[in-house]
Structure formats: C-alpha cells, structure tokens
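Peer 1: Residue numbers for the sequence shown follow numbering that gives the first Met the number 0, so the first one is 0 and each next one is one higher.
In short, the hints are calculated from the structure, not lab data. Even glycine gets a Cβ: it sits at the ideal position worked out from N, Cα and C. The reader is advised that the hints may include incorrect statements.
As the list claims (entries may be wrong) - Pairs of lysine to aspartate or glutamate, EDC-like flavour, derived with a Cα cap of 16 angstroms:
{"#": "1", "residue 1": "LYS429", "residue 2": "ASP449"}
{"#": "2", "residue 1": "LYS383", "residue 2": "GLU183"}
{"#": "3", "residue 1": "LYS179", "residue 2": "ASP346"}
{"#": "4", "residue 1": "LYS486", "residue 2": "ASP426"}
{"#": "5", "residue 1": "LYS90", "residue 2": "ASP156"}
{"#": "6", "residue 1": "LYS313", "residue 2": "ASP215"}
{"#": "7", "residue 1": "LYS73", "residue 2": "GLU5"}
{"#": "8", "residue 1": "LYS70", "residue 2": "GLU8"}
What the hints assert, rightly or not - Taking CB as the label site, the calculated pair distances span:
{"#": "9", "residue 1": "GLU102", "residue 2": "LYS124", "range": "40 to 48 angstroms"}
{"#": "10", "residue 1": "GLU190", "residue 2": "GLU102", "range": "35 to 43 angstroms"}
{"#": "11", "residue 1": "GLU487", "residue 2": "GLU203", "range": "16 to 24 angstroms"}
{"#": "12", "residue 1": "ILE22", "residue 2": "GLU190", "range": "22 to 30 angstroms"}
{"#": "13", "residue 1": "ARG83", "residue 2": "ARG173", "range": "29 to 37 angstroms"}
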Amino acid sequence: MPASKEYREFLELVRDIGMLEQIGGLLSWDEQTYMPPGSFQQRARYNAVIAGVVHEKLTSQKMGKLIKALKKQKLSSDGEAILRNVERKYKRASSMPADLVKEITRTASLGMEAWVKARSDSDFKKLEPLLDRMIGLKFRETECIGYEDRPYDALLDEYEPGMKAGDIDLLFPRFLGKLKPIAEKILGETEPVDVIPPGTYPLEEQRKFIARLCSDIGFDMNCGRIDISAHPFTSGTGSDVRITVKYDENNPAIAIFPALHETGHALYEQGFLEKYYHTPLADAISLGIHESQSRFWENVVGRSIYFWKYQYPKLQHTFPGIGKMSPDAFHRYINRVKRSYIRIDADEMTYNMHIMLRYDVESAIFDGKLKTHEIPAFWNERFKNYLDIEVPDDASGCLQDIHWSIGAFGYFPTYALGNIYSAQLWDAAKRKIPGLEDRIMAGDVSVLLDWLRKNVHRHGKRYDAKELIRRVTGETINEDHFIRYAKEKYGSIYGISL
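Start from the sequences, fold in the hints, and give me the full structure.
Peer 2: This is the structure we're talking about:
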C-alpha cells in the first residue's frame, strides 16, 4: 500500500530536521577540531541559527497537523515507529516556551565559561551563581514538560526515555551492594605496580596504529575519520562519522582506549540502515544504549586478554620500547584498579561509584533536598562513603565535570546503565556465537560486530532501551552480568578469589 500524501510530507519534514541537526553536529565538530580560535563568536551565531530553524520546524503548525492526521491513519510498522518517536520529540519541544529555551541556552554558554574559570581556580563559588540560575531554569523545564512522580524524571527521560528516578533508586543501591565488596577486596589485596616503559612514542606512529586498530574492529574509514581534540568525542551518523582522540607521546594507552571507546560509538552510528537515515529509525535508542556500545568495545573487548593476544604483537612491532613489558604485565596495567578523584580516569570497578555519587547529587537537588551552595560538602561526604578517600579541593571534586554548568542534568546515570548493558550484551553474544573468545584471539571481531548490527544497531529507535535489552538478552536490565564479568576478569588478572 503506497504511503499517503500526509505521510510523504511528514517524512520529508522529519528528514529535513534530521539533516539540519547533522549540519549542526558538523559545525560543533569543526569548532572542537579545526576552527580558528578567533571564530567563536561567529560560530556561536551559526549554531544559534541552525538550532532555531530546527526548533521552528519541529514545533511548527505543519508538524502538529501532520502528526494529528497520521495518528488517524493505518501506517506500516516503520511509519508507526517513526511517528511515535517524532511525536514524543514534538511534544517535548512544544512544551518549552521560546524564552525559556533561549535563557537556558544563554545560561549554558555563560555557565561553560564560568565553569572553566572556577575549575581552574578550584573555587566553586565562582560557578555557584550561574549554576543556581541553571538549576532554577531546569526546575521550570520540568514543570513545562511534566512528570508523573518526580521532577527529575522529566530530565532523565531526555537521555534515557522510559527510565525514571524510581528505577535508578532501586538499581543503583542493589548494584553497589554487589560491586563495592569486590572493588574493596581488589584494592585491599593488590597493588598496581605495572607501568608503561618510559620513552617517547612518536605521535605519527600512534596515529597510524590507532587508525589500523579502529579499522580492525570495523570502523569504516571511507565514511569516517579520526582527528585530535582536547576531549575525545564522536560526531555524525551514517556515512559521515567522525571521532577524535587525544595523544600523549609518553604513553600510547592514553589514546588507545578513548579511541576504542569512541569507535564503539561510531560503529553504532555507522550501523544504521541507509533507507532510514535522518529518521528516528537511524538514531540511537538512548544514551545508555549508546554508552553500552562504547564501553563494550573499550572495556569488555578492548581490555580483554583475548583482544590483546592478537593486538599486542602489533603494538610491540609499532613501538619496540613497549616490548620490555610482557603481555601479562600490559594486561594488568590496562586493567589496574585504584581509587581516583577524577571520573574519566577511573577504572571499570570504581567508575560506577563515581556515577552513583553524581546521581545522588542530582536527585537530591531535584527532590528539593539540596541547595546549590551545599553541593561541595554533600559531594565530599558522599565521595568518602563511596571511595574512602578525602576530596582535596573543588577541582578534584564537584567541579571536575562540565555537565551541570550547561544544564545536562539526568545525563550521568546513563554511563552506569551503559556499563550494565554492555556486560549483559556480552553474555548474550557468547551464548549465540560459538567460540567467540577464540575468534577474538585470532583477530576476528567481525562476527561480533555483525551480531551487534543485527541485534542492536539496525533497529534505531524502533524499541526503547528496556524492550531492546529484553529482546536481545531475554531479560530486563540485570547488574548480575556485570558482577559476574568483573569477578571472572579481575579474579583471573590478580589471582584472587572474588
């Protein structure tokens, strides 16, 4: 049955919006890679124009009328999925007054600048006024969007649709109760002593190695590229996906694992079906699922002994100096467990506690239990409870992340969700692919990528995260897979019973 005139118009408008969003993404990529430093003000105007046009098209009367008309029509399963996701996006955007959107955007810009200064000076008070304003604006946003139980639900739903604070309140304590004893035993019975052999590891050789490594796990360099930025990120989708890394000539591992992480994101973006480009069926389900893909390739695969059995000789060939380090020592080094103040430096075992701390702060704020000026003391107390070390200053504590200064409340929980999902997907893949570890050890990860393409990537937003995980793994989110993975991996590395 041919598509109706209304559906064709709707799909054209949806794709126009999708392409405009990608143009905005390219501008952002350029801003963080090659844009001249003196171009910031002009680029900010470009970004504002693109964002304004996207918002105008998304919330237009035309979009509203088309959605209303299509809800009365019999659509294909594809059409139903696209309509459902666009309507959700339309309702959320339409609920926000234009002046509130502009004020949040303006405050985020000022907040980013204030955060840089406050972090540099390790002085929370220099961010506090703007952060307090942003929190007030986000409270207004929650009232505009609406929620069933708690204001925080409206914020979390932007990043992990369908997930509520109540779900996190059940999941995180349960996860922590199983995770913390394992981490404490590792920390109490082991000492990270392995280090990368000192020397210079030429940046050009690192670039070549990483380009080959990313290609080895499936990154299509004909439709993607790898560049340098201060903070690694992934941009783009479909046939134009770009990742960035940061290099250190004293340690190639500084670039290797962020590169694997970003490649995981990129493989997801390159895995959508072309016929759905610029529609919700070629878009990530949620940040939690997106993060599951990056963590899957960075940690579950990328820090495994199987992966480095094949890749380590290539690393040694590229950097003869690293040959002084045995494969086992390298494997211990890349999986060392230690307490750290900084989230992005944390290992697999302690990282989730960093996320739980941030969730504690966010949920307390939006439950009305924590004032802005109380954040540093609250943070420091909770940090001591989680990781048993004292926070020395604001820069090492509540000022280390940019998220809150730009209004990204509700984002942090998705990192831990991604870790849990990744272990759950790994167990499902092992059940379905005979001899998977042996194939990875032989350098063949294509069968694993094909499995992810079939079971995760190609669906886009056809399902929400809960339904996708249930379909692929046979159960809802279950932290026990991560716990089992951690016990097996770290018990083997350190030779202790976990």
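Peer 1: Compare the structure with each hint and give your call.
Peer 2: Status of each hint after checking the structure:
With a C-alpha separation of about 13 angstroms, the suggested pairing of LYS429 with ASP449 holds against the 16 angstroms cut-off. The suggested pairing of LYS383 with GLU183 holds, with an alpha-carbon distance near 13 angstroms, which does not exceed 16 angstroms. As the CA atoms of LYS179 and ASP346 are separated by approximately 13 angstroms, the hinted pair is consistent with the 16 angstroms bound. Taking the CA atoms of LYS486 and ASP426, the gap is near 14 angstroms; set against the 16 angstroms cutoff, the hint holds.
At roughly 13 angstroms between alpha-carbon atoms, LYS90 and ASP156 fall within 16 angstroms of each other, so this suggested pair holds. For the proposed pair LYS313 and ASP215, the alpha carbon gap of about 12 angstroms is at most 16 angstroms, so the pair holds. Distance hint between LYS73 and GLU5 is fulfilled; the C-alpha atoms sit about 12 angstroms from each other, no more than 16 angstroms. Only pairs whose Cα atoms come within 16 angstroms are accepted, and LYS70 paired with GLU8 is accepted, the gap being roughly 14 angstroms.
For the hinted restraint 40 to 48 angstroms between GLU102 and LYS124, the CB-CB distance of approximately 22 angstroms leaves it violated. At roughly 51 angstroms, the beta carbons of GLU190 and GLU102 sit outside the given window of 35 to 43 angstroms. Evaluation of the 16 to 24 angstroms hint for GLU487 and GLU203 yields a failure: the beta carbon distance comes to about 38 angstroms. For ILE22 and GLU190, the hinted distance range of 22 to 30 angstroms is not satisfied, since their beta carbons lie about 51 angstroms from each other.
Taking the beta carbon of each, ARG83 and ARG173 are about 31 angstroms apart, inside 29 to 37 angstroms as hinted.
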